[in-house]
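From just these sequences and the hints, can you work out the full model?
All residue numbers for the sequence shown refer to this note's numbering, where the first residue is 1 and numbers rise by one.
Don't take each hint at face value.
To be verified - Straight line, CA to CA, 30 Å or less: simulated DSSO-like cross-link-like pairs of lysine-lysine:
| # | residue 1 | residue 2 |
| --- | --- | --- |
| 1 | K190 | K76 |
| 2 | K169 | K76 |
| 3 | K169 | K62 |
| 4 | K65 | K84 |
Hints are computed from structural coordinates only; laboratory data are not their basis. This one's a predicted model, so the numbers in the text were calculated from it and none came from an experiment.
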Amino acid sequence: MASSKAKVAVNSESNSLKESKSNAGSSSAGEASPNSRVYCLEDLETIATVGTGTFGRVFLVKDKKSRAFFALKQMKIPDVIRLKQEQHVHNEKEVLSEVNHPFLIRLFWTHHDERFLYMLMDYVPGGELFSYLRSRGRFSNLTGLFYTSEIVCAIEYLHAKEIVYRDLKPENILLDSEGHIRLTDFGFAKKLSDRTWTLCGTPEYLAPEVIQSKGHGRAVDWWALGISSLKCWLGKWLALLPFQTQRGALLHQSN
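The following block contains the structure:
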């Protein structure tokens, strides 16, 4: 759901797109916080489709009252059920309702009707870190270190709340208007005090204990961070490293 399908020109003077890390989640005096608002679909003007996925779309919308921009995730209920994604949708809502961190996407409102589920979230205009990496080939040491340090902050925050993310990869990291990260797509995230045995995530980033069904904990996020960081620094050359070849053999055996 995170992949961008459209480049949308948005007024750069709009306050709603100017992120401030020191004031994340706050609002000006006399203004209601977006989190405290009760929204309805009639309040939201659809500007463009900015993402598509297996069972839904993401729209750029503008709140008619505050004129702020948001991302509205719309999921088809029959497709969610057919693809057995009910638990993932529930996980995403539960986790996002609990967290509040400048490097994590924010959830403002959820809704459903007879056909669709809706999630109103931050609109993050910079697109995916993956797209930026693909255009550059690989990052300089300084750039890679910058993004890695912000991801570490986000993962440490989640782990402090006993949440394992389980799908860390550049495709799930968005960039805001100031170039800072926003972790998105929390469908695999889960409250976890010990271990779990569910095989989930993206094969390229799976830790060995996940592949071998030995039970895994929050450490799998650090493995995925290592792979993501190496991809930032090495680009396509990452696939040539010996441990990646060994992981490919493990994946083949597990199938």
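Each hint tested on the structure:
no.	hint	verdict
1	K190 - K76	holds, 23 Å
2	K169 - K76	holds, 25 Å
3	K169 - K62	holds, 29 Å
4	K65 - K84	violated, 36 Å
When the structure is compared with the earlier hints, a violation turns up for hint 4 alone.
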